[in-house]
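Visitor: Here are the chains, one letter per residue:
There are 2 protein chains.
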Amino acid sequence: MIEHGGNIYRFARILDREPSTLIDFSANINPLGFPEGLKEHLFSLMDYITSYPDPEYVELRDAIAGYVGVRKENIIPGNGAIEMIYLYMKSMKKDKVFIPVPTFSEYERIARMNSLAIEYLFTKNFSIDVERLVKEISPESILIICNPNNPTGTLISIDSIEYLLEKLSGLEISLMIDEAFIEFTEDYPESSAVRFINSYPNLFIVRCFTKFFGIPGLRLGYGVGGEETVNKMKEFALPWSVNILADISGRYVLKNMSFMEETRRVITLEREFLLRELSNIKWIYPYPGKANFILARLSIDTEELENFLLQRGILIRNCRNFKGLDKSYIRIAVKDHSSNVKLVEALKSF
Amino acid sequence: MIEHGGNIYRFARILDREPSTLIDFSANINPLGFPEGLKEHLFSLMDYITSYPDPEYVELRDAIAGYVGVRKENIIPGNGAIEMIYLYMKSMKKDKVFIPVPTFSEYERIARMNSLAIEYLFTKNFSIDVERLVKEISPESILIICNPNNPTGTLISIDSIEYLLEKLSGLEISLMIDEAFIEFTEDYPESSAVRFINSYPNLFIVRCFTKFFGIPGLRLGYGVGGEETVNKMKEFALPWSVNILADISGRYVLKNMSFMEETRRVITLEREFLLRELSNIKWIYPYPGKANFILARLSIDTEELENFLLQRGILIRNCRNFKGLDKSYIRIAVKDHSSNVKLVEALKSF
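The listed protein sequences correspond, in order, to chains A and B. Start counting the first sequence at 1; every next residue gets the next number (the working numbering). Start counting the second sequence at 1; every next residue gets the next number (the working numbering).
The set of hints was computed from the structure by calculation and includes no laboratory data. Please note that a few of the clues may not be correct.
For chains that are exact copies, the list does not tell them apart, and a pair is met inside one copy or across any two.
Pairs of lysine-lysine, DSSO-like flavour, derived with a Cα cap of 27 Å [stated by the list, open to error]:
{"id": "1", "residue 1": "Lys323", "residue 2": "Lys234"}
{"id": "2", "residue 1": "Lys327", "residue 2": "Lys94"}
{"id": "3", "residue 1": "Lys232", "residue 2": "Lys323"}
{"id": "4", "residue 1": "Lys255", "residue 2": "Lys323"}
{"id": "5", "residue 1": "Lys96", "residue 2": "Lys72"}
{"id": "6", "residue 1": "Lys323", "residue 2": "Lys39"}
{"id": "7", "residue 1": "Lys72", "residue 2": "Lys93"}
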């Protein structure tokens, strides 16, 4: 099993304390939690757990389609972004996948599960040069882009994505863009590539409710793609992979526009706060990014810092298992102001 | 997509009525619903949806292991029984799967997804003759047995299963027993093959919370197998496929022994009631089974009956898409007494 952020259970077991008493900067979840009223809404509809979910998820797909601005035939829901990535790689029938690194480690693991050859593309200063990218990849493959990228926070501009799509469409290359964090970017929805779905059948976009809507426990993601792609993926989908409470929640939270706007406001503000504060600590070198987390390089021993913070109930994500990074890097989620202040104080006292 | 029972949404859309107003005899779910207090328990722990599930599901596996009487290393949890079946076929690395029919249609679909050759074994009077079975199968394959079998309700005795395991272990044949309905049988846990898990490494058992604990909407299943099998399957498992509310629910419902006993009492009673009543209708020929559903052959037009019942808000499962059956068969779930009476009355008035 790959090590991920957000495993508060393991650390709670190690420290022998309740998971809820930890401040978790290792998982990039919305610090505002989930939209108001969701708990009560779920409780009022709880009797639905005695029924199977709608295997076609008609209402959920309708709601998502309205939210992202496509037709419901372009939407496939799944058990988190992970299931989308798996089904996409499985159904595209390519031999090879190109992965610019550092990035989310599950792409590599899922490619292996599907017996795909993997080629890593190493980036300079963590920024993707699309012109170089186009020269490095070969036909009959899948290119995976995480935008904004986890763990660097780098955002590829919409013009660069259009350039990529233009160049790739003649090459039988399928482009998967993982937009798990796109809704945290200040200029969303302008930053999203969804607008290209109907013009480029080789484009597939992965999204999730996990991070932005603060419901990682419920497991809800979706893919946006051309009808042909979506139908191919359905052939390999297991029935009912989205549970009924995730289905109900997805439809509920998409109605709450003010939650979305407030999230973007808070994240922008708090990311700037953290960047400013971290820059003032002389052994931390943060990278400015566009997402709800910050990558930073340390000139001190990361493990020592990790343990120091852990004793104070604070979890951060070390980046030693990201290909292209090493143990001198950490990733810090942007959380609510009081948590961020606690982190900064703890770092300063180290 | 394969047609399954329990798709109340499709029929609700066709009839333009609320799904909850239908009496669903097409899905084999516990008529007692879920154990008391579950809703309130979930509500009190709802804030856990802001965290990822424990990727190792330590507490859930502990609870399940205690319930079935094995060690937690023998347990792998999943998104319903379906995910277990998929991971098992994917990780066993065999070329062929033997499926005695009629049975659950997803075995066939999942075998195809994993590019396995399929051989059907046709049964006589829907009963599996294990001696004949052993002669018909070839080495380096998977044999799938659903016990009690869906849709026939036939239960293979524990002696026959032991005989099978003995014969198969020299042949490099992996035996998967799907016990999705085993807890409904009157003499559970005696009827379960779990006792053989530690003596036969080629045995894998699939279970689910869906039917017996009345929570199909939550998506929770598990597998019981030797450590080697479980570890192989973990290599192909996607992380967090069980959502946190399913995790919490699984641990909660396993504590309620009286719910389990009451369920077996009611099902035994109501199955006998339905069998007696159906036998009195001259165009219905029910098969006596051991599960919480009844297979019946009709000497009238099934579709006409289906439509007649549908107009009365009653769903049954026609069996035309079960290999080895045809459109003259239906499957009826054993429900609570008042629903069963309504069904019998509707059938008599046809």
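Visitor: Which earlier hints can't be squared with this structure?
Guide: 2, 4, 5, 6
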